[in-house]
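Asker: Here is how the chains run, residue by residue.
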Amino acid sequence: MIVADRKKIPEIRDMIQRHDRVLLVGCGTCVTVCLAGGEREVGILGAALRMSLKLAGRPGVVVDECTIERQCEDAFIDILALRAREYDAICSLGCGAGVQALAERFPKMPVYPGLNTQFMGILESQGVWTEKCSGCGNCRLGEFMGICPITRCAKRLLNGPCGGSRDGKCEVNADMDCGWQLIADRAEALGTVDRLQTIVPPNDWSTGLDGGPRKVVREDQCIAGLGPKA
Amino acid sequence: MDDEPLILAFCCHYCAYAAADLAGSMRLQYPNNVRILRLPCTGKLEVNYLMAAFERGVDGVIVAGCLEGGCHYLEGNLRAKKRVGRARQLLAEIGLEPERLEMFNLSSADGPRFAEIVTTMAERLKRLGKSPLRPDPDRLQQNVQEMSRQAEALLAGDKR
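Line by line, the protein sequences give chains A and B.
Each residue of the first sequence is one higher than the one before, counting from 1 in my numbering.
Each residue of the second sequence is one higher than the one before, counting from 1 in my numbering.
Simulated from the structure, these hints should not be mistaken for lab results.
For every residue, glycine included, the Cβ atom is placed at its ideal position computed from N, Cα and C.
It is possible that some hints are incorrect.
[Stated by the list, open to error] Which residues of chain A face chain B? A few of them, derived with a C-beta cut under 10 Å, are:
(1) Ile44
(2) Leu196
(3) Ile199
[What the hints assert, rightly or not] Capping the alpha-carbon separation at 25 Å, the derived lysine-lysine pairs in BS3-like fashion look like this:
(4) Lys82(B) to Lys8(A)
(5) Lys54(A) to Lys132(A)
(6) Lys7(A) to Lys126(B)
From just these sequences and the hints, can you work out the full model?
Answerer: Spelled out as structure tokens, the structure:
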């Protein structure tokens with residue numbers, strides 16, 4: 001899932017305080033699960049922002065709350081369309097994709113981010129999320145025993161480990177596992193250490209973000225003539 | 001009343017609420033500007049309850065739960081402790097003094113301790129002054145009554 005965390009209240013307040021009516025929009029998907037932008041967090045942030053605005057001398061700013069099932073899909077944003085007309089601005093508690101989906105759907109309305117989108121990751125333990133995928137567009141997990149060196153090695157080495165691997169930890173941070181140690185340990189457990197003898201050729205990064213924003217098209221699923229809604 | 005700080009106390013049914021009752025039975029004197037909301041356990045407390053209390057203009061909030069290790073539901077009070085910590089961080093970000101909110105631990109036999117907690121908090125809030133979010137007195141009373149009704153409704157809901 002996409003993992004995010006909340007921006008500090010003063011930063012959000014400064015973004016929205018020039019407006020008179022602001023709608024806080026939560027998202028019921030990834031950011032609900034990572035406890036950053038679901039219905040409960042929207043309620044907490046709403047109260048916090050109203051108090052903060054009042055203390056900042058802007059008591060008249062209306063901050064209302066709502067949460068939709070999924071911000072990154074226009075069909076779910078539809079239910080906001082009528083309500084959004086009553087506001088001057090939206091503050092999204094979705095990930096960066098959600099914020100931009102709202103901005104595209106409401107071209108005449110300012111949309112502000114309430115969260116800092118961090119990464120694609122998993123729940124490591126209650127309240128702890130860790131990054132696992134960089135979305136490089138060319139998944140090679142099969143070659144690396146199911147552990148991604150691009151995400152989990154600080155140097156993104158495809159032929160690791162480097163000399164900074166100490167007792168299974170990375171030299172960048174003593175709390176961080178060495179991704180290549182994890183790969184080697186798992187290869188040993190799987191009995192596939194011999195596969196690590198192969199030199200991996202340089203990666204093709206053209207599938208990544210370096211070539212600009214990417215697009216996935218499934219022609220068989222496309223419906224001709226239906227573009228984005230105005 | 002207008003000059004006194006208004007304190008809201010979220011009290012666990014199994015300890016602080018009984019301790020408050022005991023303090024009354026013992027005829028102990030403590031500031032009368034505290035309004036008690038009963039929770040089935042402080043683990044029922046959510047951060048948004050605390051935010052709602054401050055938004056409605058109370059000057060300070062006490063969260064009173066069982067002694068650590070003595071929670072009727074094993075760890076509700078430990079969860080509440082973390083939530084209170086988070087709410088205090090939020091208060092600091094908002095620009096309110098985090099000292100306006102504190103969690104205390106006591107047992108149902110601690111009537112005198114309950115009186116002491118309320119006295120401590122009342123003195124602290126007098127020093128900090130009224131909440132800058134405080135509405136007019138009538139409105140404040142209405143807000144507190146509304147919160148009390150909501151808390152009792154929650155409690156009734158939990159019994160069902």
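Asker: Now tell me if each hint is right for this structure.
Answerer: Do the hints match the structure? See the list:
{"no.": "1", "hint": "Ile44", "verdict": "holds (5 Å)"}
{"no.": "2", "hint": "Leu196", "verdict": "violated (43 Å)"}
{"no.": "3", "hint": "Ile199", "verdict": "violated (49 Å)"}
{"no.": "4", "hint": "Lys82(B) to Lys8(A)", "verdict": "holds (19 Å)"}
{"no.": "5", "hint": "Lys54(A) to Lys132(A)", "verdict": "violated (41 Å)"}
{"no.": "6", "hint": "Lys7(A) to Lys126(B)", "verdict": "violated (32 Å)"}
Violated hints, in rising order: 2, 3, 5, 6; the structure is consistent with all others.
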